[in-house]
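Participant: Here is how the chains run, residue by residue.
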Amino acid sequence: AQSVTQLDSQVPVFEEAPVELRCNYSSSVSVYLFWYVQYPNQGLQLLLKYLSGSTLVKGINGFEAEFNKSQTSFHLRKPSVHISDTAEYFCAVTGTSGTYKYIFGTGTRLKVLA
Amino acid sequence: DTAVSQTPKYLVTQMGNDKSIKCEQNLGHDTMYWYKQDSKKFLKIMFSYNNKELIINETVPNRFSPKSPDKAHLNLHINSLELGDSAVYFCASSQTSGRVEQYFGPGTRLTVT
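From first to last, the protein sequence lines stand for chains A and B. Okay, so the first sequence: first residue is 10 according to my numbering, each after it adds one. Okay, so the second sequence: first residue is 260 according to my numbering, each after it adds one.
You can take every hint at face value.
Only pairs whose alpha carbons sit at most 25 Å apart, straight line, appear in this in silico SDA-like list of lysine to any residue:
(1) A/Lys58 / A/Gln80
(2) B/Lys300 / A/Ile92
(3) B/Lys278 / B/Met305
(4) A/Lys110 / B/Pro365
(5) B/Lys300 / A/Ile69
(6) B/Lys300 / A/Ser36
(7) A/Lys58 / B/Leu286
(8) B/Lys330 / B/Met305
(9) A/Lys110 / A/Ser39
No wet-lab data here; the hints were simulated from the structure.
Take these sequences, add in the hints, and give me the full structure.
Facilitator: Structure (structure tokens):
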């Protein structure tokens, strides 16, 4: 079974500042990892995914994440945020075999301040 | 064209009623899902169908019954609605069971009074 922990429920940051949203996971098997974004009153949209290969993954809207197997982490970063990045961000994990059930973290609300 | 669509977007009903939420995807995917997002934004899978076959059935009350008439549609019927059923319900689809990304619908906000 897998689990996901997003330690920060809210992250306020000023516009054009860098941001890191933390995600740690637990699993007894190999995993695939994802970051999704949810804008107000909308569904979830994939930002990026790690399936295999390079541990640094680049996604849409200038976001990137690094898979760290030894620290079981998959933190999301952006060097310079915009007001439009204000949203809820979810980390998700699934095992690489079996029913591939996604486990989502509890979400981090990113609030970009002017 | 909307990839994953849900109807209705909002649903307000009284306790004890029966209601359905419909989901359709035009992506040609063979796996579909229902998620429940509570007031604290916690997102939890409820069901998953692969080619009309139920493959994930979480600990969900029997009042919830999914139905997949074909692989492009996954409906959710809820009997005897309770206050605790109030949430946003999301439908999603993926190309295979799991590993690749899931595409989410816009959600249905269910309010039980």
